[in-house]
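Asks: Chains as they are written, first to last, in this note's numbering: chain A, 1 to 177; chain B, 1 to 595.
Hints in this document: simulated from the structure, not taken from any laboratory.
Among these hints, one or two may not hold up.
[As the list claims (entries may be wrong)] So, partial list: chain B residues that the calculated Cβ filter (under 10 angstroms) puts toward chain A:
| no. | residue |
| --- | --- |
| 1 | 112 |
| 2 | 119 |
| 3 | 127 |
| 4 | 131 |
| 5 | 153 |
| 6 | 225 |
| 7 | 377 |
| 8 | 477 |
| 9 | 480 |
| 10 | 532 |
| 11 | 555 |
[To be verified] If you anchor each label on the Cβ, the simulated ranges turn out as follows:
| no. | chain 1 | residue 1 | chain 2 | residue 2 | range |
| --- | --- | --- | --- | --- | --- |
| 12 | A | 28 | B | 103 | 26 to 36 angstroms |
| 13 | B | 330 | A | 88 | 15 to 25 angstroms |
| 14 | B | 572 | A | 141 | 49 to 59 angstroms |
| 15 | B | 583 | A | 51 | 56 to 66 angstroms |
| 16 | A | 58 | B | 512 | 19 to 29 angstroms |
| 17 | A | 99 | B | 553 | 17 to 27 angstroms |
The beta carbon of each residue, even a glycine, is placed where N, CA and C say it ideally should be.
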Amino acid sequence: MVETTELVDERPLHQGRARVRPTQRALGPLRLAVVLTVVAATLIGVAGLVDLFQVYDTRADHNSSLSYLDRAYGDVEAEGPDLWPPRRVVGEALATMPENARYRILFGPTWRSTWETKWTDEFTEGFLRFFLLPRVESESEEAPWVFCFACDTSELDGRLRVLARSKDGLLFGRVER
Amino acid sequence: MTVRAIAGLVVLNLVILGVGASVLWGIRGWRWWSAFLRLAGLAYLVGVASLTILLTLEVVLRIPFGLATFLASATLIAMGGVLVGALRGRSRPGLRPPRWRLGPPSLLTAAFAAAIALFLEALFRSTRLLPLFETDAWWVWTLRAKTLYFFGDLGPDTLVRATTLSYPPGLSLLHAAGFEAMGGPDTVTLHLQHWFFAVGFVAALVGLLLGRVRTAILLPFVLLTLVMPGFADRVNWAMADPLLAYLVAIGGLQLYLWLEDRSRWRLESATLLLGSAMLIKREGLILVLCVVAAALVASWGERRWAWPCVAAASGIALALAAPWRIFLAATGVRDAPTSGYLSFLDHPERALPSLRLVLETLFDPIWAGLGAIAVIALVLAFVAGERKLGAFGLTFLAASVLGSAFVIWSETAFEISQAPAVNPVIRMVLVTVLVVAPLVPLSLETAWRRGSPAGAPAVTRADHGRSRTGARVTLAWAIIGASLLLYPASMAAGYSGLALAGGAPRFPGPDECVLPATDARNVRVVLGYRETYADARALTARARASGLNATGVSLDDCGRLRVFLDDVPPGSAAGVVRAARAAGFEASLERDPDG
Chain A
1 MVETTELVDE
11 RPLHQGRARV
21 RPTQRALGPL
31 RLAVVLTVVA
41 ATLIGVAGLV
51 DLFQVYDTRA
61 DHNSSLSYLD
71 RAYGDVEAEG
81 PDLWPPRRVV
91 GEALATMPEN
101 ARYRILFGPT
111 WRSTWETKWT
121 DEFTEGFLRF
131 FLLPRVESES
141 EEAPWVFCFA
151 CDTSELDGRL
161 RVLARSKDGL
171 LFGRVER
Chain B
1 MTVRAIAGLV
11 VLNLVILGVG
21 ASVLWGIRGW
31 RWWSAFLRLA
41 GLAYLVGVAS
51 LTILLTLEVV
61 LRIPFGLATF
71 LASATLIAMG
81 GVLVGALRGR
91 SRPGLRPPRW
101 RLGPPSLLTA
111 AFAAAIALFL
121 EALFRSTRLL
131 PLFETDAWWV
141 WTLRAKTLYF
151 FGDLGPDTLV
161 RATTLSYPPG
171 LSLLHAAGFE
181 AMGGPDTVTL
191 HLQHWFFAVG
201 FVAALVGLLL
211 GRVRTAILLP
221 FVLLTLVMPG
231 FADRVNWAMA
241 DPLLAYLVAI
251 GGLQLYLWLE
261 DRSRWRLESA
271 TLLLGSAMLI
281 KREGLILVLC
291 VVAAALVASW
301 GERRWAWPCV
311 AAASGIALAL
321 AAPWRIFLAA
331 TGVRDAPTSG
341 YLSFLDHPER
351 ALPSLRLVLE
361 TLFDPIWAGL
371 GAIAVIALVL
381 AFVAGERKLG
391 AFGLTFLAAS
401 VLGSAFVIWS
411 ETAFEISQAP
421 AVNPVIRMVL
431 VTVLVVAPLV
441 PLSLETAWRR
451 GSPAGAPAVT
461 RADHGRSRTG
471 ARVTLAWAII
481 GASLLLYPAS
491 MAAGYSGLAL
501 AGGAPRFPGP
511 DECVLPATDA
521 RNVRVVLGYR
531 ETYADARALT
541 ARARASGLNA
551 TGVSLDDCGR
561 LRVFLDDVPP
571 GSAAGVVRAA
581 RAAGFEASLE
591 RDPDG
């Protein structure tokens, strides 16, 4: 294998421009195709850049207009509010659970069924799991904290002490032992 | 969201650049720092690749992740690069060659350089305060980055679910390093890390092609690549696809250039880049196989010497990614489509619709025509007699299209649709388009050179900047300078026309929820803010013990717990504040919008 460490750096860039014959400057079909392709790329690129300035400016203004909490939770407008659990309840949970807490997430069949329920539940659960770290989600019934999304609370056998609730049926609480 | 967080990311990326520079000096070396400037983008991506590989190995070996581990890893790689350089007899570089000067840019070059700089500035501005709305980041990338940050590993067993564990940890490790550098899990400023990745990619692309492709051909395609709506929309998302594309694109380009000039360092850097790509996303394996297939086809005429080298490089790249695969196997995690590897055999009816979907997406307007232009350019290169380049690009394109179609065919959970919620085809094709993008200007340069019967000279210094003097040179530099100063100047002047910033940047924090009590009729006396009820309860108890019996707690709009005295008559509020301060509280008066 050839070691050509400085090949590019040392390549003579100038190779006798003065000796280029006039015929070489003529546009053959290949060169014409290259010119047309480059011109097309330039036009599309410049037009795209002009559009992008507007798009990026609008996004920057939108991001800047969000409140601190909007930004910390993620942008509801970007994905649709169905995916986000009620913020107030999550805020209460965040302030209540210690950082080493384990919690369960339970969904009932009627939780926000406006969109495809499976996806809504998965996204919502995914958001909580991510957002509440270092508090850790657990599937164990031993987990002392519970988010109940319109779930059947009878399985908690009356032991759930509700600490926060939303109008649309989310309960957050602690399971008494 | 703070200056501290941004500064932390700047330092992190300088460290990554330093690591990559050390590796590149070891495998390539350079005589002059002026030469390094051109390769800085490549060095950065090599740094990303090297760190990804080593940090992943450490996760597999259960070495706890943290700032100390990251810095030790960076130091280890940098020392390895220096050691290789010493063994290979690399010399210390000088500043610049004798009589070297920065060639004056043409007006065209200046205009495109300015356009690219403006794009990156606008992207930075729209990225800085971008909230983390990407659902895949919640599920995988940033979830695991936060887990690494808090726990030092991939977390308690209950957190690590099979569906997410099978994703390689590369991006999450880089995100976690970002959290360490920022001083906390700032998932908003984290998006800027993806801005740095993009800058590294642009710099690598330009740096590698600058000596081979005239700027009049190169820069329009760099700009076109950046402004593709399908890319520009996603470039700053906290997702793995763009980074995967950068690594495969530059790795593939290096592999092709190695076929051309047989420089060993190109093959070595390609090995690192392609090996790390497999640790960024599962699709990395398919894409690397596509690149390898392209290299094998392109080097058919020289297979006696080329194929063993390609096979060795591929083997090493696979070996670099192997520990993660072994780790998955050892933990019993399935790394297959949810319906199984052979499920496609049960659904033959999905084959053609999958292929059609990928092809339709490749030629979709969201790529600003680059899919079609790439095919034209590669065919032109082929027609011009540059069979190797044409074969490389067209083989990769075909293999990548078939690979993407196969993934969609196999995964029955994917609907045959471009809708991002039900099919990742746009993100898959994004990688394909970004990988062929560098080959387009290279192909057109070849076609241009061979487009004359007598053949034309290779790229000359005259093509980059003929002997320009006087007003045109001044104007060219002025254009570049203006592009760099436009955003800062608009902020200083408060001018927001032409999609400019129009004001000083905001660095929002929880303090923005505090409402000053100026002339307010309804006020409250706030004794302090706390993060947890435990702390808030302690403060409340202390206040009540001091005689402030009406002290209460409520959650404010910034997620903090406000410990306060409500419904304080405006006339006595100042006296209550004085009394509270005398009792040792940091009391303040705030407007109470609730009345």
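Asks: Determine for every hint whether it applies to the structure shown.
Replies: We went through each hint and held it up to the structure:
1. 112: 8 angstroms, holds
2. 119: 6 angstroms, holds
3. 127: 8 angstroms, holds
4. 131: 4 angstroms, holds
5. 153: Since chain A brings no Cβ nearer than about 13 angstroms to residue 153 of chain B, farther than 10 angstroms, the hint is violated.
6. 225: 9 angstroms, holds
7. 377: Given a least distance of 6 angstroms, the restraint on residue 377 of chain B holds.
8. 477: For residue 477 of chain B, the interface hint is violated, since the closest Cβ of chain A sits about 21 angstroms away, which is over 10 angstroms.
9. 480: 16 angstroms, violated
10. 532: 6 angstroms, holds
11. 555: 5 angstroms, holds
12. A/28 with B/103: 26 to 36 angstroms: Roughly 28 angstroms apart at Cβ, these two residues keep to the hinted range, so it holds.
13. B/330 with A/88: 15 to 25 angstroms: 44 angstroms, violated
14. B/572 with A/141: 49 to 59 angstroms: 52 angstroms, holds
15. B/583 with A/51: 56 to 66 angstroms: Once the Cβ atoms are compared, 60 angstroms apart, the range 56 to 66 angstroms for residue 51 of chain A and residue 583 of chain B holds.
16. A/58 with B/512: 19 to 29 angstroms: 22 angstroms, holds
17. A/99 with B/553: 17 to 27 angstroms: Since the Cβ atoms of residue 99 of chain A and residue 553 of chain B sit about 19 angstroms apart, the hinted range of 17 to 27 angstroms holds.
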